[in-house]
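Sequence lines, in order, name chains A and B. Residue numbers for the first sequence follow the numbering used here, beginning at 2 and rising by one. Residue numbers for the second sequence follow the numbering used here, beginning at 113 and rising by one.
Certain hints may be false.
[Stated by the list, open to error] Quick partial rundown of chain B residues pointing at chain A, CB under 7 Å, derived from the structure: (1) Leu157; (2) Leu158; (3) Tyr162; (4) Asp214; (5) Phe218; (6) Pro220; (7) Gly221.
[Claimed, not checked] Straight line, CA to CA, 25 Å or less: simulated SDA-like cross-link-like pairs of lysine to any residue: (8) A:Lys23 - A:Gly56; (9) B:Lys150 - A:Gln46; (10) B:Lys156 - A:Gly56.
[To be verified] Sample of chain B residues with no beta-carbon within 12 Å of chain A, all distances over it, derived: (11) Gln118; (12) Val131; (13) Phe187; (14) Leu195.
Hints are computed from structural coordinates only; laboratory data are not their basis. Beta carbons are placed, not taken as given, at the ideal position from N, Cα and C, and that holds for glycine.
One-letter residues, chain by chain:
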Amino acid sequence: GENVEQHPSTLSVQEGDSAVIKCTYSDSASNYFPWYKQELGKRPQLIIDIRSNVGEKKDQRIAVTLNKTAKHFSLHITETQPEDSAVYFCAAIPGTASKLTFGTGTRLQVTL
Amino acid sequence: DAMVIQNPRYQVTQFGKPVTLSCSQTLNHNVMYWYQQKSSQAPKLLFHYYDKDFNNEADTPDNFQSRRPNTSFCFLDIRSPGLGDAAMYLCATRGSDVGRTDTQYFGPGTRLTVL
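Just chain A, with the same shape it has in the complex:
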């Protein structure tokens, strides 16, 4: 089955700096890679996703890159703000599966 590793487990940045979270996956058949943001006590919310036929996708301050050869994908947040503080989960879905495999999560703290 799919295995997703995520690093770092915690990340502290100053407001205005960039944050990068990296994930690797094991199943070369995986073709969909969402990123979820989860604030304390709330549901995971999809913030951006990418499919395997695309190398990069951007939505305002958030971007995701995918390297299929190396089987890794990354989340980039620019100009971080205190409201970006949350736990971020990467995930992967193999093409024929119905199930998400989550990474272990990254706790991002944006300090003033």
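Since chain A is already given, all that's left is putting chain B on it; use the hints.
The following block gives chain B in isolation, referenced to the frame of chain A:
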């Protein structure tokens, strides 16, 4: 408008006393999932339905059961809750929206406390 609804949002039960958590959706999605999430961990899939087809994860304890009487509703039954079952329980759906067939939409969760 709420798309995936979970009730109750907070549930307190006693050790060994059966409890049922409910999930409903207005998206008409054919796939519904139940996850267990403990503090500082990723959501852990318990089982999912593809239409009426039930798919149990190999490591889901027998103590956890599920029902899906129709497309809109799905229930999680915990037959004899133990202290280790205290967690956030998340329901999610996935459907056939054009261009969004892979996206899972999560409900707000039910936080279960076991006394």
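Which numbered hints turn out to be false for this structure?
The structure breaks hints 2, 10, 11; every other hint is satisfied.
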